Amino acid sequence: MNDQLAIVVPADFTDSQPVLFTVGESYDFLANAVGGMISCISLDNGMDMRVNDEYLYNGDEFSPFATAVYWKTFGLFSHYVNGAVVFTGGVDYEGNTVGLTFEQLSYIGNLLLEFGHDLDLSPIMANFANR
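For the sequence shown, the positions run 16 to 146 when our numbering is used.
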C-alpha cells in the first residue's frame, strides 16, 4: 500500500515531526508514537488525534498544544490532554487510518506556528507533493 502522512507531536511540541506510515500497517506506528494503547479523538476537518488510551491519568507530561487543539473542537476547559499525540486524516471505508490531506497538514502547521514552532516539512514534501 502507499505511504500516508501523519504528524507526531510530543507533549512539549518542540520536536513535532511529519512522518510517513503505510495504510493497513499503522497500529504499531501509532502505538509506539503515543506510548501504549491508542484512543482516537475525531476532530474538525475530518482529522483524528491519536492519543495514549490512558492520556488523562497515566502521568505523561501535559500537552498544551494537543489540549488547545482539543479545546478548538470541543470547547474551552472540556478536559486536558497529556502525552504525545499523532494527527492523521481519519479512516477509510475499511476502517484503516489514512494520512493527512494538504489542507489538514496546513491547519496543523499553522496551529504549531501560533505556538511558536515551525514544522519542517522538507524531508517529506517531495513524496507528498507527488500525490
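Read the hints as simulated data drawn from the structure, not as lab findings. Careful: at least some of the hints might be erroneous.
Cβ-Cβ distance ranges computed for the label pairs, FRET-style [unchecked claim]:
no., residue 1, residue 2, range
1, N17, F92, 35 to 41 Å
2, N17, Y95, 34 to 40 Å
3, E109, T29, 31 to 37 Å
4, D43, N73, 15 to 21 Å
5, N125, A46, 25 to 31 Å
6, H94, M52, 17 to 23 Å
7, L35, D133, 18 to 24 Å
Note that the coordinates shown come from a computational prediction; the quantities given were computed from them, not determined experimentally. No residue lacks a Cβ here, since even glycine has one placed at the ideal position from N, Cα and C.
Going through the hints against the structure:
1. The hinted range of 35 to 41 Å is satisfied by N17 and F92, whose Cβ atoms lie roughly 40 Å apart.
2. Look at N17 against Y95: about 35 Å separates their beta carbons, and that is inside 34 to 40 Å.
3. Separation of E109 from T29 is about 35 Å and conforms to the stated range, judged on CB atoms against 31 to 37 Å.
4. About 19 Å separates the C-beta atoms of D43 and N73, a value consistent with the hinted range of 15 to 21 Å.
5. For N125 paired with A46, a C-beta distance near 28 Å keeps the hint of 25 to 31 Å intact.
6. Between H94 and M52 the Cβ separation comes to about 18 Å, which falls inside the hinted range of 17 to 23 Å.
7. The supplied range of 18 to 24 Å is met by L35 and D133, whose beta-carbon atoms lie about 20 Å from each other.
Hint violations for this structure: none, all hints satisfied.
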